[in-house]
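Visitor: Using the sequences and the hints, build the whole thing.
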Amino acid sequence: MKRYKPKPRLYRGFRDIFASDLLMRQQMLDSIREVYELYGFAPLETPAVEFVETLGKFLPESQTPDGGIFSFQNEDDEWIALRYDLTASLSRVCAQYKDIQRPFRRCQVGPVYRLEKPGPDHFREFYQFDFDTVGTKSMMADAEGCCVLCDALEKIGIERGNYLIKVNNRKILNGVLETSGVGLIDTSTDDSRAMNVLRSIDKYDRIGLKGVKELLTTGREDASGDVMKGLGLSENEISPILEYLQVGTGDRVEVCDQLESIVGNSEIGMKGIEELREIDKNLRCLGYEEGQIVFDPTVVRGLGYYTGPVFEAVLTFEVKDEKGRVKSFGSIGGGGRYDDLVKRFTGQEVPATGASIGVDRLLEALKLVGKLEERSTSTSVLVAAMDKNHLFDYQLIAKELRSAGINTELYLGNKGIGGQFKYADKCKIPLVVVAGEDEFSAGELQIKDLEAGRELAKEVLDRETWRKDRPAQFAVKREDLVAKIKETLNL
RNA sequence: GCAGCUGUAGCUCAGUUGGAUAGAGCGCCUGACUGUGGAUCAGGAGGCCGAUGGUUCAAGUCCAUCCAGCUGUACCA
Numbered sequence: 000m001k002r003y004k005p006k007p008r009l010y011r012g013f014r015d016i017f018a019s020d021l022l023m024r025q026q027m028l029d030s031i032r033e034v035y036e037l038y039g040f041a042p043l044e045t046p047a048v049e050f051v052e053t054l055g056k057f058l059p060e061s062q063t064p065d066g067g068i069f070s071f072q073n074e075d076d077e078w079i080a081l082r083y084d085l086t087a088s089l090s091r092v093c094a095q096y097k098d099i100q101r102p103f104r105r106c107q108v109g110p111v112y113r114l115e116k117p118g119p120d121h122f123r124e125f126y127q128f129d130f131d132t133v134g135t136k137s138m139m140a141d142a143e144g145c146c147v148l149c150d151a152l153e154k155i156g157i158e159r160g161n162y163l164i165k166v167n168n169r170k171i172l173n174g175v176l177e178t179s180g181v182g183l184i185d186t187s188t189d190d191s192r193a194m195n196v197l198r199s200i201d202k203y204d205r206i207g208l209k210g211v212k213e214l215l216t217t218g219r220e221d222a223s224g225d226v227m228k229g230l231g232l233s234e235n236e237i238s239p240i241l242e243y244l245q246v247g248t249g250d251r252v253e254v255c256d257q258l259e260s261i262v263g264n265s266e267i268g269m270k271g272i273e274e275l276r277e278i279d280k281n282l283r284c285l286g287y288e289e290g291q292i293v294f295d296p297t298v299v300r301g302l303g304y305y306t307g308p309v310f311e312a313v314l315t316f317e318v319k320d321e322k323g324r325v326k327s328f329g330s331i332g333g334g335g336r337y338d339d340l341v342k343r344f345t346g347q348e349v350p351a352t353g354a355s356i357g358v359d360r361l362l363e364a365l366k367l368v369g370k371l372e373e374r375s376t377s378t379s380v381l382v383a384a385m386d387k388n389h390l391f392d393y394q395l396i397a398k399e400l401r402s403a404g405i406n407t408e409l410y411l412g413n414k415g416i417g418g419q420f421k422y423a424d425k426c427k428i429p430l431v432v433v434a435g436e437d438e439f440s441a442g443e444l445q446i447k448d449l450e451a452g453r454e455l456a457k458e459v460l461d462r463e464t465w466r467k468d469r470p471a472q473f474a475v476k477r478e479d480l481v482a483k484i485k486e487t488l489n490l
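For the first sequence, the residue numbers in numbering that gives the first Met the number 0 are 0 to 490.
Honestly, the hints are just simulated from the structure, not real lab data.
Glycine included, C-beta positions come from ideal geometry on N, C-alpha and C.
Mixed in with the good hints there might be a few duds.
[Said to hold, decoys possible] 27 Å max Cα-Cα, derived DSS-like pairs, lysine-lysine:
#1 LYS154 to LYS366
#2 LYS116 to LYS447
#3 LYS342 to LYS319
#4 LYS447 to LYS457
#5 LYS366 to LYS342
#6 LYS97 to LYS136
#7 LYS485 to LYS427
#8 LYS387 to LYS447
#9 LYS387 to LYS425
#10 LYS425 to LYS116
[To be verified] Ranges of calculated distance between the beta carbons of each label pair, as one might list FRET restraints:
#11 ASP201 to VAL325: 48 to 56 Å
#12 ASN264 to LEU9: 53 to 61 Å
#13 ARG477 to LYS387: 15 to 23 Å
Guide: Structural data, given as structure tokens:
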């Protein structure tokens, strides 16, 4: 009789994550959380599923959700979706629980979902680690956001100089748009001229000044032959934009001065520059240098909800991947000020600012840099089950080690002692405790240090010698077991 | 989404102008070695050649469509 057998397979853009990656991720998350909590951000957890209206992702003029999110209808025909970031849920929480004390400072880690084209380091389910302050207009909160990002990156082992926080202000971008005559940002429509100009500015680091100019005017054809039609701006309109792009990322005060000469006539632009100056004062007071945090007028970030300062964390070093190709990591996090997010629910203006670290991308980077201890298990000791007559003794040995806080596995398979060593070797368990009749009657146990043995095995020995010498193995008195194991593990 | 490239064993890949039972290395399993990882040696398992249709006496090989992956580009709240 034939039965239907499902093929084991993964849905596009999703993945299984095994112990070695998870153990590294955990190390990283612990470090980040430690920094967030140092600044007084309290943890929060919300569901992965929200109403689409909560996420604000209905398409304009239509009853259907944005195509970029995973959505479905419940039994009452309401649209439900997987969250695409943690900020929308935060604003819902702030609108829903009215007695929350403000400023509300929370951090949150969890998976988010986006229905986009997946790639090598680009999945449809990935982790973000956010921190936000809701209910403060103070630029100190925005400056603090940058500091938190710096501290967190350094805490996980990225040295100063290998990362950079790039800061800009949406108000200044608005100022340029106003000065050029393109008009202010209107977030209600996706296809306005202002939006498209911002998209072009965002590409500056990739396509350069010439490329941006082409996009703003006549259009551009890239190396693959793809054609993008231009926005058809006039010379007068593009000239302040091009001047703006060339300000660069020098001294923070100088950047502000230069920006002032370009957008000085725009009220909103001036406001943005004032905000940056205030952030700079804060950063200087705290000792955060230009090498860590710069003002970069070309930073745009997502188009959606930012209203003031925006920042982006990038890794500045390059690394070769397994195939020897140069890999550079772009943005590994970022954030900014969003003063209108809670307003959607309550009508009240609630100023807020915060940022987020892209956990998976950062993890990939750290793996290639070798900043994390790579382990395929957290188990330290395997108690070998050699003699069926002593199974309960093995249990008690394992229990004793566990009571001492040592991660211990009792071998539960059906292989002989040789197979058990092989198992420990493959699983990267560093120590094996072995005992048989001889040891029990002598009141002893054998400890084998597999990692030390691996080193010894590099000199080629014949089988007989290898077995007879029992490399990296020694006997201990039964009562010294825990102490000796701890010593060997450097605990 | 659009364009180009790729899809053969768990992994990395061979496979002639279309030609008979589809190969290698690594890994895996078994044994030499019933109380010791590695090295060595001997043996073994493992494949609807991404899927479906077509051309042909004959398809891993050619054509079409689909699926998946890679590269670029667009979008990325």
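Visitor: For each hint, tell me whether it holds in the structure or not.
Guide: Consistency of the hints with the structure:
At roughly 15 Å between alpha-carbon atoms, LYS154 and LYS366 fall within 27 Å of each other, so this suggested pair holds. The hinted pair formed by LYS116 and LYS447 fails the criterion: a straight-line CA distance of about 49 Å is larger than 27 Å. Straight-line distance between C-alpha atoms of LYS342 and LYS319 comes to about 46 Å, which puts the hinted pair past the 27 Å bound. For the proposed pair LYS447 and LYS457, the alpha carbon gap of about 17 Å is at most 27 Å, so the pair holds.
Simply put, LYS366 and LYS342 have alpha-carbon atoms about 41 Å apart, too far for the 27 Å limit, and the pair is violated. At most 27 Å may separate the alpha-carbon atoms for a hinted pair to count; LYS97 and LYS136 meet this at roughly 19 Å. Our distance criterion of 27 Å between C-alpha atoms is met by LYS485 and LYS427, whose separation comes to about 17 Å. Distance check on the hinted pair: LYS387 and LYS447 sit about 20 Å apart at the alpha-carbon level, within 27 Å; holds.
In summary, the hint linking LYS387 to LYS425 is supported, as the alpha carbons are separated by about 23 Å, within the 27 Å threshold. In summary, the hint linking LYS425 to LYS116 is not supported, as the alpha carbons are separated by about 36 Å, beyond the 27 Å threshold. Against the hinted window of 48 to 56 Å, the Cβ-Cβ separation of ASP201 and VAL325 comes to about 23 Å, which falls outside the hint. Separation of ASN264 from LEU9 is about 55 Å and conforms to the stated range, judged on CB atoms against 53 to 61 Å.
Here the CB-CB span from ARG477 to LYS387 is close to 20 Å, well matched to the stated 15 to 23 Å.
Hint violations for this structure: numbers 2, 3, 5, 10 and 11, all remaining hints satisfied.
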